[in-house]
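Line order of the protein sequences matches chains A and B.
Using the numbering used here, read the first sequence as starting at 51 and increasing by one per residue.
Using the numbering used here, read the second sequence as starting at 2 and increasing by one per residue.
Just so you know, these hints were derived from the structure itself, not from any lab.
Accuracy of the hints is not assured; some may be wrong.
[Said to hold, decoys possible] List time: in silico BS3-like cross-link candidates among lysine-lysine, alpha-carbon distance up to 30 Å:
no., chain 1, residue 1, chain 2, residue 2
1, B, K3, A, K314
2, B, K80, A, K438
3, B, K85, B, K161
4, A, K446, B, K86
5, B, K106, A, K87
6, B, K85, A, K438
7, B, K113, A, K87
8, A, K446, B, K80
9, A, K438, B, K86
[Unchecked claim] Which stretches of chain A does chain B cover? Using the computed rule of at least three CB atoms under 8 Å from a CB of chain B, they are:
no., region
10, 64 to 72
11, 106 to 114
12, 294 to 308
13, 318 to 327
14, 331 to 345
By construction, the Cβ of each residue, glycine as well, lies at the ideal position given by its N, Cα and C atoms.
Chain residues, written in single-letter form:
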Amino acid sequence: MNIPFIAFISIFVLIFFLRIPIPLGFVTAVSVYCLLKGLPLAFVAEKIVTNMFSSYILIAVPLFIFAAQVMNTGKVTDKIFYFANAIIGRRSGALGHVNVLASLIFSGMTGSALADASGLGLMEIESMRKQGYDDGFSCAITAASATIGPIFPPSIPMIMYSMLSGASIGALFLGGIVPGLLIALALMIYISIIAKRRKYPKGEVVTLKQFISSTIDAIPALLTPVILLGGIYSGIVTPTEAGAIAALYGLIISVLFYRSINLKSLGRIIFETVKSTGTISIIVACSFGMSFVVAYERIPDVVAAALLGITTNKYVFLLLVNIAFLILGMFIDVNTITLIFIPIVLPMVKSLGIDLVHFGVVIVLNMMIGLSTPPYGGLLFVTSGISKTPLGTIIKEILPMVGVLILVLFIITYIPGFVMYIPNLLVK
Amino acid sequence: MKRMFGWFLDFLEIYLPMATFVCLFITFIVQVFYRYIIRLPLMWPEELSTFCFIWTTLLSAAYIRRIHGHVAFTLLYDKLPESKKIIVRLISNTLVLAAFLIPLKAIFIYLKAMYVEKSSVLRIPFSIGYGPVLVFFILIIGHSLHDIIIDARSLQKRDKIE
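With the rest of the complex left out, here is chain A:
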């Protein structure tokens, strides 16, 4: 290891000790590396802008953020919640099931776990609270079900993975359908067991008239995933453009059908979208410099050689990668893991003959579990923040749910058919 690279690693570690904002920390590390290595200092900025210019697919990120903001402000989420409520009916622990079903429907619109938890979350938690559910459980199931968001298509993390790996984004989206449904099913089984044990209340009686009314009300919202996925797979729009279409459709139904967005709230939506873009996309932009240093130092080759020394068995490799990424997810932000660590393991994935689509879905689910694991779980912070529930209470409740999610992760890791069946059927 040379001195510039040691300095680079040291600053990367300091980011965590000195509370340096992650994107600025990345620029700091790259700047010091270029200075010590004698590389042109303009590289620090050049890697950011040229990669942003060539990564057209990344524009989907602010567009899907915009779509999520429109859906949340435009009361589309409310309609989904009431519709899910009408479907679940009088089942024991009904609101827990409603929480999961609403997340599943919403995931077909935005592709962001944090958008799900912050949009649907407050309404779900408050309704559960009113019916006597434990606060910790309500927040935990909201966080765990939000994990479905980026697994079921569309998905922002899958867009980023596609950019890094070259895997077809269409196939990745299709590959997420069955795992998304599996997570929903697994969480619902878990809820049924807990609801019985803790005697959580049954749902309200929904008359046929109420059911029809909430279904009619929700139809425009329910059409969003149909339009999105239909548009992508019929070739009318690219996955990048789908974000814009989702937002436009959300705007149209919110203004004309639900009458819930005016000019003032539109300004607020754009402001919030720009803020989220400045938070998420800048991490991606600044990590391009990090990826450059990692590639310049041939780290993927070194890691590949080291891992191949341990095993050449792809199943053992997948186990090691899953464990490593679950640990990373506990401490490091998802975007950072995606952009720094995935490129390091990708050469190994290719050399072991693992399907890039299969690996993509597995690794995205793995990283999304990281959003619910303490101490650095973004979904825990969101649900704790919106409901004012102490983090410790949520953590206690979410640990078994994380266990359920890990079980699904291992099922899709070792039975690739769960991921690959639909892409093989429709794409290949």
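Model the placement of chain B on the given structure of chain A, informed by the hints.
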């Protein structure tokens, strides 16, 4: 003067990225409309939207720095007493300030050189398309310096009281 500077900062970090985002969104809609309704694929929307994306991201990221909204690992920091927190902030801001100052001149020269390079369809000089990166660096330097001054003053005050 201070008010005008505040307005100028808001313009750069809030209103301009909001405008470029709206432009990005409309460009996408126009692109889909022309390709699938009028059956006339356009070349310029892809270029314009990419530039808008760069502008939106970099300028709004400076605003996020201003409101301390960037993702950061705070678990260890949160456990520190306030006096130690100030010292940690001073160190981290100084580190960021230095690291953003180091390449500043080189970035300026790079962007100047990129003026002759133009995008293939709209013929926009890359120095304009990529320009916000220099603004981003300058704004981060400014915000870091501002925070360093505030923290240094509060540290001084604490010393006097003690």
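Structure-based check of each hint:
no., hint, verdict
1, B:K3 / A:K314, "28 Å, holds"
2, B:K80 / A:K438, "20 Å, holds"
3, B:K85 / B:K161, "16 Å, holds"
4, A:K446 / B:K86, "29 Å, holds"
5, B:K106 / A:K87, "18 Å, holds"
6, B:K85 / A:K438, "28 Å, holds"
7, B:K113 / A:K87, "24 Å, holds"
8, A:K446 / B:K80, "21 Å, holds"
9, A:K438 / B:K86, "25 Å, holds"
10, 64 to 72, "holds (count 9)"
11, 106 to 114, "holds (count 5)"
12, 294 to 308, "holds (count 4)"
13, 318 to 327, "holds (count 6)"
14, 331 to 345, "holds (count 4)"
The structure fails none of the hints (numbered hints given earlier).
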